[in-house]
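Asker: One-letter residues, chain by chain:
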Amino acid sequence: MAALPSVNNILVLDSEGKRVAVKYYTDDWPSLSSKLAFEKSVFTKTMKINARNEADIVMFDGHIVVFKFIQDLHFFVTGGDDENELILASVLQGFFDAVGTILRNNVEKRTALENLDLIYLCLDEVVDGGMILETDATVIADKVSSASGLDSGAPFSEQTLSQAFAVAREHFARSLLK
Amino acid sequence: MAQPMLKKDDDRDDEVDYHPFFGIEKGAVLQEARVFNDSQIDARRCSQVITKLLYLLNQGDTFTQVEGTEVFFSVTKLFQSKDPGLRRMMYLMIKELSPSAGEVIMVTSSLMKDMNSKTDMYRANAIRVLSRIIDGTILAQIERYLKQAIVDKNPVVASAALVSGVHLLQTNPEVVKRWSNEVQEAIQSRAPLVQFHALALLYQIRQHDRLAITKLVTSLTKGSVRSPLAQCLLIRYASQVIRESGANQAGERPHFEYLESCLRHKAEMVILEAARAITELSGVTSRELTPAITVLQLFLSSSKPVLRFAAVRTLNKVAMTHPLAVTNCNIDMESLISDSNRSIATLAITTLLKTGNESSVDRLMKQITNFMADIADEFKIVVVDAIRSLCLKFPLKYRSLMNFLSNILREEGGFEYKKAIVDSIVILIRDIPDAKENGLFHLCEFIEDCEFTYLSTQILHFLGNEGPRTSDPSKYIRYIYNRVILENATVRAAAVSTLAKFGALVDSLKPRIFVLLRRCLFDSDDEVRDRATLYLKVLGGEAAVAETEKENIEFLFGSFDIPLVNLEASLKNYEPSEAPFDISSVPREVRSQPLAEKKATGKKPTGPAGPTSGPVVSAIDAYEKLLSSIPEFAAFGKLFKSSAPVELTEAETEYAVSVVKHIFDGHVVLQFNCSNTIPEQLLENVTVLIDASEAEDFTEVYTKPLRSLPYDTPGQTFVAFEKPEGVPAVGKFSNVLKFIVKEVDPTTGDVEDDGVEDEYQLEDLEFTYADYMLKVPVSNFRNAWESMDPESERVDEYGLGARESLAEAVNAVIAILGMLPCEGTEVVPNNSRSHTCLLSGVFIGNVKVLVRLSFGISGPKEVAMKLAVRSDDPDVSDNIHVIVASG
Numbered sequence: 001m002a003a004l005p006s007v008n009n010i011l012v013l014d015s016e017g018k019r020v021a022v023k024y025y026t027d028d029w030p031s032l033s034s035k036l037a038f039e040k041s042v043f044t045k046t047m048k049i050n051a052r053n054e055a056d057i058v059m060f061d062g063h064i065v066v067f068k069f070i071q072d073l074h075f076f077v078t079g080g081d082d083e084n085e086l087i088l089a090s091v092l093q094g095f096f097d098a099v100g101t102i103l104r105n106n107v108e109k110r111t112a113l114e115n116l117d118l119i120y121l122c123l124d125e126v127v128d129g130g131m132i133l134e135t136d137a138t139v140i141a142d143k144v145s146s147a148s149g150l151d152s153g154a155p156f157s158e159q160t161l162s163q164a165f166a167v168a169r170e171h172f173a174r175s176l177l178k
Numbered sequence: 001m002a003q004p005m006l007k008k009d010d011d012r013d014d015e016v017d018y019h020p021f022f023g024i025e026k027g028a029v030l031q032e033a034r035v036f037n038d039s040q041i042d043a044r045r046c047s048q049v050i051t052k053l054l055y056l057l058n059q060g061d062t063f064t065q066v067e068g069t070e071v072f073f074s075v076t077k078l079f080q081s082k083d084p085g086l087r088r089m090m091y092l093m094i095k096e097l098s099p100s101a102g103e104v105i106m107v108t109s110s111l112m113k114d115m116n117s118k119t120d121m122y123r124a125n126a127i128r129v130l131s132r133i134i135d136g137t138i139l140a141q142i143e144r145y146l147k148q149a150i151v152d153k154n155p156v157v158a159s160a161a162l163v164s165g166v167h168l169l170q171t172n173p174e175v176v177k178r179w180s181n182e183v184q185e186a187i188q189s190r191a192p193l194v195q196f197h198a199l200a201l202l203y204q205i206r207q208h209d210r211l212a213i214t215k216l217v218t219s220l221t222k223g224s225v226r227s228p229l230a231q232c233l234l235i236r237y238a239s240q241v242i243r244e245s246g247a248n249q250a251g252e253r254p255h256f257e258y259l260e261s262c263l264r265h266k267a268e269m270v271i272l273e274a275a276r277a278i279t280e281l282s283g284v285t286s287r288e289l290t291p292a293i294t295v296l297q298l299f300l301s302s303s304k305p306v307l308r309f310a311a312v313r314t315l316n317k318v319a320m321t322h323p324l325a326v327t328n329c330n331i332d333m334e335s336l337i338s339d340s341n342r343s344i345a346t347l348a349i350t351t352l353l354k355t356g357n358e359s360s361v362d363r364l365m366k367q368i369t370n371f372m373a374d375i376a377d378e379f380k381i382v383v384v385d386a387i388r389s390l391c392l393k394f395p396l397k398y399r400s401l402m403n404f405l406s407n408i409l410r411e412e413g414g415f416e417y418k419k420a421i422v423d424s425i426v427i428l429i430r431d432i433p434d435a436k437e438n439g440l441f442h443l444c445e446f447i448e449d450c451e452f453t454y455l456s457t458q459i460l461h462f463l464g465n466e467g468p469r470t471s472d473p474s475k476y477i478r479y480i481y482n483r484v485i486l487e488n489a490t491v492r493a494a495a496v497s498t499l500a501k502f503g504a505l506v507d508s509l510k511p512r513i514f515v516l517l518r519r520c521l522f523d524s525d526d527e528v529r530d531r532a533t534l535y536l537k538v539l540g541g542e543a544a545v546a547e548t549e550k551e552n553i554e555f556l557f558g559s560f561d562i563p564l565v566n567l568e569a570s571l572k573n574y575e576p577s578e579a580p581f582d583i584s585s586v587p588r589e590v591r592s593q594p595l596a597e598k599k600a601t602g603k604k605p606t607g608p609a610g611p612t613s614g615p616v617v618s619a620i621d622a623y624e625k626l627l628s629s630i631p632e633f634a635a636f637g638k639l640f641k642s643s644a645p646v647e648l649t650e651a652e653t654e655y656a657v658s659v660v661k662h663i664f665d666g667h668v669v670l671q672f673n674c675s676n677t678i679p680e681q682l683l684e685n686v687t688v689l690i691d692a693s694e695a696e697d698f699t700e701v702y703t704k705p706l707r708s709l710p711y712d713t714p715g716q717t718f719v720a721f722e723k724p725e726g727v728p729a730v731g732k733f734s735n736v737l738k739f740i741v742k743e744v745d746p747t748t749g750d751v752e753d754d755g756v757e758d759e760y761q762l763e764d765l766e767f768t769y770a771d772y773m774l775k776v777p778v779s780n781f782r783n784a785w786e787s788m789d790p791e792s793e794r795v796d797e798y799g800l801g802a803r804e805s806l807a808e809a810v811n812a813v814i815a816i817l818g819m820l821p822c823e824g825t826e827v828v829p830n831n832s833r834s835h836t837c838l839l840s841g842v843f844i845g846n847v848k849v850l851v852r853l854s855f856g857i858s859g860p861k862e863v864a865m866k867l868a869v870r871s872d873d874p875d876v877s878d879n880i881h882v883i884v885a886s887g
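Line by line, the protein sequences give chains A and B. Just so you know, we're using UniProt numbering here: the first sequence kicks off at 1 and counts up by one. Just so you know, we're using UniProt numbering here: the second sequence kicks off at 1 and counts up by one.
Treat the hints as calculated values from the structure; they're not laboratory data. Predicted, not measured: the structure shown is a model, and the values here were computed from it. No incorrect hints appear here.
Computed list of lysine to any residue pairs in SDA-like fashion (alpha-carbon distance at most 25 angstroms, straight line):
| no. | chain 1 | residue 1 | chain 2 | residue 2 |
| --- | --- | --- | --- | --- |
| 1 | A | 48 | B | 342 |
| 2 | A | 23 | B | 62 |
| 3 | B | 95 | B | 138 |
| 4 | A | 23 | B | 170 |
| 5 | B | 625 | B | 646 |
| 6 | B | 419 | A | 59 |
| 7 | B | 95 | A | 29 |
| 8 | B | 222 | B | 267 |
| 9 | A | 40 | B | 60 |
| 10 | B | 95 | B | 133 |
| 11 | A | 48 | B | 302 |
Using the sequences provided together with the hints, build the complete structure.
Answerer: In structure tokens:
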């Protein structure tokens, strides 16, 4: 077993398996085509699995992939085949929840792309060069929000009830207008 | 109703069209990047452009070197802006661009300023960016700040510095090693992640210092580590310490208690890590396994798929070495067969197949049948392999298992999968005689509709070997001849050969086969016609290639025992002339080089045998092949044991000879591996002359000389002895190497015609009882011991006299008996006064033997031993005592 738990890549793909945001940390996939091939096989192997409530897991070609889906987004975290699955799962959960906080629980491809800068920052805060940096979603989201300067600097996790209510009202109004 | 539907469709069209980066194009974005150079920086706009650049890179686009440099320089201008969001995006961009050394200088001062900023977020990120891009010289400049950052009170800054340290250790180890004091301090941090990062870095700094690691683990396992991730690390390091100490002292493992206590940790990842560490301990005992298995069993019924997967995967591995330990989980495991995650289901099934007992096989097969339909081929292959080993374990169940294999053979599947099934059936036919007719019939059915030429030819060849020896060979003819009518040329040719084999071996079928073969003479393919003609002529007696019919058959179908390498070499040397190429002149001796390779890559044992038996089994495989290629040894029956090679010459002498003892039930074969180290000599007709006067039970029956032994090309000569059947005959042989030596001119390679007879004295060779003992592991010694007849037990006590240490006495007794120590009991803890050692083995005649040795040492190094032995045959129990008494 490796001395250090490490992450080989983190992928966010859309419902057709196309890249939304990806980050590779090892040289296991040296070329763009090998990366795309890996993403394709991960996507096709997992697309039929219902990983919306609980993270699920698959093992193939010497990789362990934990994954979780929401709306039209598929989140994946890959590790080596002797890695502790639960450590990978905690990385996935931390990243997944942090993205949820940042996008105010409106996690779908469109909002993700609109806030892609925040997603990139989020990736940057979870894992550094394959080494786990932080797995606590609140801490990750706070680090990202303190940088983004949005919301006049208030961390997402500390939104007041009235703010949350305002957001909800806005959503509601938008859906009525449609 | 129609209207809202329509509206909804419109909506969706909008969404498809809308994509923030739709139609994004590299050239345009690079143009846009010019805003970075504006004197008034629009932070929002610049952030957007950086996001676009990052998006391009993330989608797989690349910048040329010129483009990269340009972007890098304009990005550095943005350090003027104070906008925090923009600063973060800049950091990302700089990391993505991985600038060259010359470019790095442009940003170091800005980054160093950020590193000392009051904002923690700037500090943390500047450290991470810097450590990514700098080289050794700049590192020396900022080392001071990094050391400070490691002990910073803000955990984000400390973590950033520590993680950077882990990365920098790869490139600048000598610098990072100076930080260990600060890192040590950081381990005591209250922030969980800082603790994790500090522990990781400290371990990496000290990983080559075994003593330091041991100290680190000992101090931390006392319980100051709070972070679950750090706890996982500590478990890994602790098991490494156990692994390294295990070589010289077992019994009480250091840190085992710590591992066990982690099983009660509240974080699941720690429990899993500890359970896995325990199951992977070398020579783990059932008692040590139990608590780990218990927690894994709880995980099996978790609602989280990841947890179930982790548990079943670990148990699956345990089942390979300790199947009995896992049987308690069988009920939970069975419910996982219907798990929606197919990886979990497959692992559960293969585990069950490994741990299952004879009575549960049928039930299990029923469950698997439903399951097979909806899993991928790669999983199916795993299941097929598991079923094959199960069938070999319970031969009585071959009927249901064979039926299962034939059913799945008929279903859809790719080549690899079908090949795995066919291979399994072939192995079962070979190893289980009862399954033969049934299995052959299934294979016949399969080739009726097989799309893979390779598999068809394999099966036809196999049918030709096995079919004629069944009770009713004629029923296979129809299947084979159908191939001749319906298939492609390759399969037709194979089918013709198979037909001919039936004709040659079964006299009653001969006339009918001839009719069929004659029809093949009009085949459109050359090879098919040629084969048919050859077989018709030779079998019909028209073309005489040999004296008797038996030799004819041998000529046509005998195994091609000439190594292809040798044949190739001989053909290359053959010069076109009147004299035809004589195949019998090709040397048949296998060079020992490829043999050694074969040993290394030999098949892994498929049965439940432990990993220790791996190399032994594969070596035997290789020897068996070698010996069966020599017709004189074929009648000796099954090879019982082959010893490790014993050197009969000193190192660096003229001729190097080692011997391997092959033991059969009623014979022994000595295989002398000879090599000639003198370039000026060619040895011919090499034999070993054996004086067996000190070994009365042995009678020499056959000597196979080595025709020629050129310089630096090892070869083998064999001597076979007869001995009383099933009796462990002992004795001593004195050996002399005899040969004809011919002078060789090393420059031209010419050999003189006249040779001189010469001999060379070799060391003596001894046969002891240990030669007749096969090292065979038992999975659970206690159960095995208790299941043996207590009547067969023989107990006696021995004084072993003065010995160096207890360990030396234990090893001496093990060597005399030649048995396999179980459960790591061959290792004697330092300074202990008594020790119990468990041994298992199989004695010649397939008698299972278990031995329990109790040692005690008294003051003046006097060792006494109590030996208790149980075996299938009381006489063998007595024999073991005779061996020890005489040893």
